[in-house]
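Novice: If you want the building blocks of each chain, they are given just below.
Number of protein chains: 2
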Amino acid sequence: MSLLTVGSVAFDAIETPFGKTDKIIGGAATYISLAASYFTQKVNIVAVVGEDFPQSEISMLEEHGVNSEGLQIKQGEKSFFWSGKYHNDMNSRETLVTELNVLENFDPVVPDSYQECDYLMLGNLSPIIQRQVIERLHKRPKLIVMDTMNFWMDIALPDLLETLKVVDVLSINDEEARQLSGQYSLVKAAKKIMEMGPKILIVKKGEHGALLFKEDHVFFAPALPLEDVFDPTGAGDTFAGGFIGYLAQTHDISFENMKRAIIYGSAMASFCVEKFGTERLLNLSEKEITDRVQRFIDLVQLEGSI
Amino acid sequence: MSLLTVGSVAFDAIETPFGKTDKIIGGAATYISLAASYFTQKVNIVAVVGEDFPQSEISMLEEHGVNSEGLQIKQGEKSFFWSGKYHNDMNSRETLVTELNVLENFDPVVPDSYQECDYLMLGNLSPIIQRQVIERLHKRPKLIVMDTMNFWMDIALPDLLETLKVVDVLSINDEEARQLSGQYSLVKAAKKIMEMGPKILIVKKGEHGALLFKEDHVFFAPALPLEDVFDPTGAGDTFAGGFIGYLAQTHDISFENMKRAIIYGSAMASFCVEKFGTERLLNLSEKEITDRVQRFIDLVQLEGSI
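Residue numbers (the numbering used here), protein chains in the order written: chain A, 105 to 410; chain B, 105 to 410.
Hints in this document: simulated from the structure, not taken from any laboratory. A portion of the hints provided could be inaccurate.
Pairs count within a copy or across copies, as identical chains cannot be separated in the list.
BS3-like cross-link-like pairs, simulated, lysine-lysine; straight-line CA separation at most 25 Å [as the list claims (entries may be wrong)]: (1) K309 / K363; (2) K189 / K292; (3) K295 / K318; (4) K379 / K292; (5) K318 / K292; (6) K243 / K269; (7) K295 / K363; (8) K318 / K269; (9) K127 / K182; (10) K124 / K292; (11) K379 / K295; (12) K292 / K363; (13) K309 / K292; (14) K127 / K379; (15) K269 / K309; (16) K246 / K303; (17) K318 / K303; (18) K189 / K127.
With these hints in hand, go ahead and build the complete structure from the sequences.
Specialist: Structure below.
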């Protein structure tokens, strides 16, 4: 089934304890669509870049089956650029540079060919733009998943709350769930957030896994203990891309299937952090993904009854 | 099978965002033996208290089937006392008072009736005392599990390393695993620690669950997302008591059975944090424990294949 994703397509420059990069391709929609492309060949993106964005990177996306008709290229403007540095524990990072550039006046255009959209993934962006994309679809998708971050809670909370009302699933990290709800307990936070609109909440806990909440049900997907986390950039977006890509592939939005989708999302994120940027997501084989998913299953598997 | 535990039996005074206690009964051996008592009726303790320790609390332990023959009562001396305050997130605490008292010169005596010991749980104590208990057993137990903390890594590392050489399982938290190994990655930390003596390592991550390592195998037990953590005091000891109690009950130390034991330990710890001190551990029913264990299973359960 067709998947539409909106989000940034951008340049990142990353420094980790393992090394540093020049400007490399990044952005929420890039990671989401790459991850999703391993599950469904109908990935449409709505995004904007400047004239400095290399055609070779757009071709790379297209080779992964990503439709770039909705990718605007602004002549005379520059692409969004973020630069950050991770500390030794990889859990904290410092933003060195943020240049909004083309994102400053991003007016998301949804091509006609995108209108039959079953799954909509709202990557991290201004909640106003996220809502515009929903409004510009003639028919409501089967499922709308929204990612966001504390930045929008700090500067655009009323808009964020408006957008929350019209989405089905919210995906945020534990600190963001606490900030948004004002509750420390994630169980209480989930209850409060599910009253704000989304019927389903995903709480990402990085190296500690992810929680999936719906009504009184909760599911926990562990993170795979890794020898090294090389670069966490894009892991949350890759998780979201794997999650919604798997749902689009199986076309089943039951809670049971979302549990599986969370495992697929976690598996894709575990690849993402193994190399800089999108590198590890460029050439994954089906077997690598299946084997990785199996490791997630085995990690919590008990033989026999208890 | 019979279980011997050594550790503190003490007074605690606890302050959390939910309230504060006067001096209440605490100590590693208290939590370990109470938790284990739900699995095996042969729990022997080696510990020391002062004359200020109430007979009623010793009777309480005995009513739970805990044999107190190895509990020394030092006339004219006072029991170990710890007082601490938890902050809002419950993950950090401040020690307000530590009075070693009887623990300062604790010489652990192992009664003859304890000699046929199958399972030995070394609760958090000086590594020298932990080793003395091993040396004072005429026959090596089937399994020796050791708990310790960063305090001993700071002030008695050479002794800790000596004791590590003669235990089978080490149970510590993630920060302690990092400190002991000098590795940030828990996978790398586990490898290094398993070269120090213990063939098996348990890494407790509090609200983020626990990892069990043996050779190249790893198992992850989640923590149950709770509405409230009322008081985390003793949760790690309760976890250890449930873990070794289940092993003693089933008398099976295979890796597969240790996975189950980790779930039982986690379930017991999840009760512990629901009330102040040992309160929640005093009157648990078999059904409550079985139901709680089932919630841990359900939390990561996928229906059908993936």
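Novice: Hint by hint, note whether the structure agrees.
Specialist: Here's how the hints hold up against the structure:
1. For a Cα distance limit of 25 Å, the shortest separation of K309 from K363 qualifies both inside one copy, at 16 Å, and across copies, at 23 Å.
2. Taking CA atoms no more than 25 Å apart as the test, K189 paired with K292 passes between copies only; the shortest distance there is 23 Å, against 33 Å inside one copy.
3. Proximity of K295 and K318 under a CA criterion of 25 Å is satisfied intra-copy only: 9 Å inside one chain copy versus 38 Å between copies.
4. Taking the shortest Cα distances, K379 and K292 sit within 25 Å of each other only across copies (18 Å), while inside one copy they are farther apart (36 Å).
5. When the C-alpha separation of K318 and K292 is checked against a cutoff of 25 Å, the pair qualifies only within one copy, where the shortest distance is 13 Å, while the shortest distance between copies is 36 Å.
6. Within a single copy, K243 and K269 get their C-alpha atoms as close as 17 Å, which meets the 25 Å cut-off; across copies the closest is 66 Å, which misses it.
7. With identical chains, the CA atoms of K295 and K363 are at most 25 Å apart within one copy only, with a shortest distance of 19 Å there and 31 Å across copies.
8. In this assembly of identical chains, the alpha carbons of K318 and K269 lie at most 25 Å apart only when taken from the same copy (16 Å versus 47 Å across copies).
9. Taking the closest pair of Cα atoms, K127 and K182 come within 25 Å of each other only inside a single copy of the chain (13 Å); across copies the shortest separation is 65 Å, beyond that limit.
10. For the identical chains of this complex, K124 and K292 are inter-copy neighbours only, at 23 Å across copies versus 40 Å inside a copy, given an alpha-carbon limit of 25 Å.
11. In the homo-oligomer, the alpha carbons of K379 and K295 lie at most 25 Å apart only across protomers (22 Å), although the nearest pairing inside one protomer, at 36 Å, exceeds that limit.
12. Taking the closest pair of Cα atoms, K292 and K363 come within 25 Å of each other only inside a single copy of the chain (21 Å); across copies the shortest separation is 29 Å, beyond that limit.
13. In the homo-oligomer, the alpha carbons of K309 and K292 lie at most 25 Å apart both inside one protomer (16 Å) and across protomers (21 Å), since each shortest distance falls under that limit.
14. Taking identical chains as interchangeable, the C-alpha atoms of K127 and K379 lie at most 25 Å apart only when both belong to the same chain, with a minimum of 15 Å there against 52 Å between chains.
15. In this assembly of identical chains, the alpha carbons of K269 and K309 lie at most 25 Å apart only when taken from the same copy (24 Å versus 35 Å across copies).
16. In this homomeric assembly, K246 and K303 come within 25 Å of each other (Cα to Cα) only inside a single copy, at 13 Å, whereas the closest approach across copies is 51 Å.
17. For the identical chains of this complex, K318 and K303 are intra-copy neighbours only, at 6 Å inside a copy versus 40 Å across copies, given an alpha-carbon limit of 25 Å.
18. In the homo-oligomer, the alpha carbons of K189 and K127 lie at most 25 Å apart inside one protomer (13 Å), although the nearest pairing across protomers, at 47 Å, exceeds that limit.
Checked against the numbered hints given earlier, this structure breaks none of them.
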